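There are 2 protein chains.
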Amino acid sequence: MYKIGYDVMGSDNGVEVAIQAASEFIKTRKELFLVFVGNEEEIKTALTKYKIDSNRFSIYPTTEFIDMHGSIMDIRRKRNSSMVKVLELLKAKEIDAMITAGNSAAFIAGSHFILGEIEGIKRAGFMPTIPTAIKNKVTLLLDVGANMECDEEDLLGFAKMATVYSQEVLKVSNPQTTLLNIGVEETKGTLLQKEAFKALSSDPFINFLGNMEAREILSGQVDIIITDGYTGNMALKSLEGSSKILMNEIKKELTSSFIKKIKALTLKKSFKAVSEKFDYKNHSGALLIGVDGIAFKSHGSSDVKSWKATLRMTCDAVENDVLNKIKRKAGNF
Amino acid sequence: MYKIGYDVMGSDNGVEVAIQAASEFIKTRKELFLVFVGNEEEIKTALTKYKIDSNRFSIYPTTEFIDMHGSIMDIRRKRNSSMVKVLELLKAKEIDAMITAGNSAAFIAGSHFILGEIEGIKRAGFMPTIPTAIKNKVTLLLDVGANMECDEEDLLGFAKMATVYSQEVLKVSNPQTTLLNIGVEETKGTLLQKEAFKALSSDPFINFLGNMEAREILSGQVDIIITDGYTGNMALKSLEGSSKILMNEIKKELTSSFIKKIKALTLKKSFKAVSEKFDYKNHSGALLIGVDGIAFKSHGSSDVKSWKATLRMTCDAVENDVLNKIKRKAGNF
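These protein sequences, in sequence, are chains A and Y. If you read the first sequence in my numbering, its first letter stands for residue 1, the second for the next number, and so on. If you read the second sequence in my numbering, its first letter stands for residue 1001, the second for the next number, and so on.
The following block holds chain A by itself, in its conformation from the complex (with noise of 0.2 Å):
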């Protein structure tokens, strides 16, 4: 058995969206005990419309909480929050992962105050799984966000640690990196591009392939694409609206009169498949790798989908050992 702390309060959609989200995903996983961290009353009420066996979980009741309006600061401010509480869970290997989808900037700061980092690692970056055109693979993209500036030795930390994720949680055994470029010559991009080429290039734990251009991020031709938490941010979000803009186009256009909308139905399943499969709420965790803790971000506005997919993600970090793994080979990297 092995605990996971889930901070339920953080959310945009509310605790009782969090709770279906665990009720369901926990047929999944023989071996996973939760958490609830949160409002107990709140917790109790949600748990009566979505059981979950009350050998399978513990409530944590907090009092405060930190949502996507909060700042960094109430990580000082809120020492009874929900996020603050989940931080110091893990901290003192109460439980052996955590959750929350509270805000990014308190819960990147919080994880470095309560967490630290690992020895050997300055920085620690968001890495989510971008879905890719090829079927059930996923490329690790990172950092999107957690560091808006980074030097090369940064980016060099994000593709080790990267490399062992994929090796150990992936099962991919001589994971592909690349370096988010504006062109793939190795003269492309700003003095930091140019640096990190050289880093990643000249590392032998690191099966570096050169730049890559950000049209080929979903093209699934690599494992892992490595970026500052600025450019990865950007480019992240390009992916996310672009493809949800032009579904909504095809959507509109194939419901803008009778006789389309009776011949897109026996489509459906056909789209359907394909709006799946690039659907980001299926990927909408983050691991903040780098910190000595597995600590999982989830989006802000998740709902039961978005958080059973980090709930899964989280899951299978534990399962596969990856903080101790990483600890391990970051003293030798």
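Treat the hints as calculated values from the structure; they're not laboratory data. Remember, predicted model here, so these are calculated numbers, not experimental data. Treat each hint with caution, since some may be false.
Said to hold, decoys possible - Computed far set for chain Y versus chain A, every beta-carbon distance over 12 Å:
{"id": "1", "residue": "Y1002"}
{"id": "2", "residue": "D1053"}
{"id": "3", "residue": "S1054"}
{"id": "4", "residue": "T1063"}
{"id": "5", "residue": "E1064"}
{"id": "6", "residue": "E1117"}
{"id": "7", "residue": "E1149"}
{"id": "8", "residue": "E1168"}
{"id": "9", "residue": "L1170"}
{"id": "10", "residue": "K1171"}
{"id": "11", "residue": "N1174"}
{"id": "12", "residue": "K1198"}
{"id": "13", "residue": "F1205"}
{"id": "14", "residue": "K1272"}
{"id": "15", "residue": "A1273"}
{"id": "16", "residue": "K1305"}
What the hints assert, rightly or not - Coverage of chain A stretches by chain Y, computed from C-beta distances (three or more under 8 Å per stretch; other residues unrestricted):
{"id": "17", "segment": "35-43"}
{"id": "18", "segment": "177-190"}
{"id": "19", "segment": "225-234"}
{"id": "20", "segment": "242-254"}
Where is the CB? At the ideal position from N, CA and C, for every residue including glycine.
Please arrange chain Y on chain A, whose structure you already have, making use of the hints.
What follows is chain Y alone, placed relative to chain A:
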């Protein structure tokens, strides 16, 4: 009558494709006279296949060219290249505007050396038009790669020039402008975004709405999106890449069985409509806004559709006398 200098040498697809585009496009603009700059023999051969009224073009023969695989140094080394010559024709006012699909870095350097900047403008930016979810509405996005590193004054300059362009060419009376950033709050982003936010907010000429996330670029909510060249290039390529991959996936899914193929055929027009709307080949021209001349860059792998799109944009810019309007405004910005 106005004259556009057309460097037919630079593209990956050869002279014939460029001439074919010209022969089809020229019928749509009565005032247009084209000056083909490039290898005389190749141009003449192509013209035997794609005929153009001899009163509507001339040939300016050159012996060298700078294609996509060229470098910035070629501007100095290849004085007789079609790119250098077309820039010199523009400088000498023998033509009213120019188009090339050759190497971007060489084109940017050449434009600065030969044409110089508009007085009051420190840096020129690449400004494509981005198709949006709103019918017939395009958004101007700049810079998308002319400058890797910008400061807030550069971004303010881009916003001012784009405002004039939007008013004069796209006929938007009070164009709405946003700053591309990783969040909407004014404290988001790196130092550049924070400083640019202040500069854009306090300038009375700019109708500034604040920050905008990359996921909204295609939404058509605004007229102008301002960014530095590195970020803009990253965002644009993410958009292009994800649109292309998503449309491919849908196609793959819809043709995965005979029955699906038959059903999908009946909806072909609908797909075509959406895929045309967001096809970046229909928006493949980017104005290098800020240099003292109307100088357009077409995609390196321009096909007939792309060349025609760039020709259209170039004619629109000339017919609306946008350069002089920007220059007149530049003093009063």
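Hint check results:
1. Residue placement check: Y1002/Y keeps its beta carbon more than 12 Å from all beta carbons of chain A (closest about 34 Å).
2. A cut-off of 12 Å between C-beta atoms confirms that D1053/Y is not in contact with chain A; the least separation is 39 Å.
3. Under the 12 Å C-beta cut-off, the non-interface status given to S1054/Y relative to chain A holds; the minimum distance is some 41 Å.
4. The beta carbon of T1063/Y sits about 27 Å from the closest Cβ of chain A, which is more than 12 Å, so the claim that it is off the interface holds.
5. Non-interface call for E1064/Y relative to chain A: holds, since the shortest CB-CB distance, roughly 22 Å, exceeds 12 Å.
6. No Cβ of chain A approaches the Cβ of E1117/Y within 12 Å, the least distance being about 22 Å, so the stated non-interface status holds.
7. For E1149/Y, the shortest C-beta to C-beta distance to chain A comes to about 6 Å, within the 12 Å cut-off, and the non-interface label is violated.
8. Consistency note on E1168/Y: stated as away from chain A, and its beta-carbon is indeed over 12 Å from all of that chain's, at 28 Å minimum.
9. In this structure L1170/Y is separated from chain A by more than 12 Å, as the shortest Cβ-Cβ distance comes to about 20 Å.
10. The Cβ of K1171/Y lies farther than 12 Å from every Cβ of chain A, with a closest approach of about 24 Å, so its non-interface assignment holds.
11. The non-interface label for N1174/Y is consistent with chain A: the shortest C-beta to C-beta separation is roughly 25 Å, beyond 12 Å.
12. Every beta carbon of chain A lies more than 12 Å from that of K1198/Y, the smallest distance being close to 17 Å; the non-interface claim holds.
13. Against the 12 Å criterion, F1205/Y stays outside the reach of chain A, whose nearest CB is about 27 Å from its own CB.
14. Annotated as non-interface, K1272/Y brings its C-beta within 12 Å of a C-beta of chain A; the closest such distance is 10 Å.
15. The beta carbon of A1273/Y sits about 6 Å from the closest Cβ of chain A, which is not more than 12 Å, so the claim that it is off the interface is violated.
16. Distance to chain A confirms K1305/Y as a non-interface residue, since its nearest Cβ pair spans about 18 Å, more than 12 Å.
17. Check on the segment 35-43 of chain A: 0 of its residues sit with their Cβ under 8 Å from a Cβ of chain Y, so the three-residue criterion for coverage is violated.
18. With 4 residues having a beta carbon nearer than 8 Å to a beta carbon of chain Y, the segment 177-190 of chain A meets the requirement of three or more and the stated coverage holds.
19. Residues of the segment 225-234 of chain A with a Cβ under 8 Å from some Cβ of chain Y number 4, which satisfies the need for three, so the listed coverage holds.
20. With a threshold of 8 Å between beta carbons, the proposed coverage of the segment 242-254 of chain A by chain Y holds, since 11 of its residues qualify and at least three are required.
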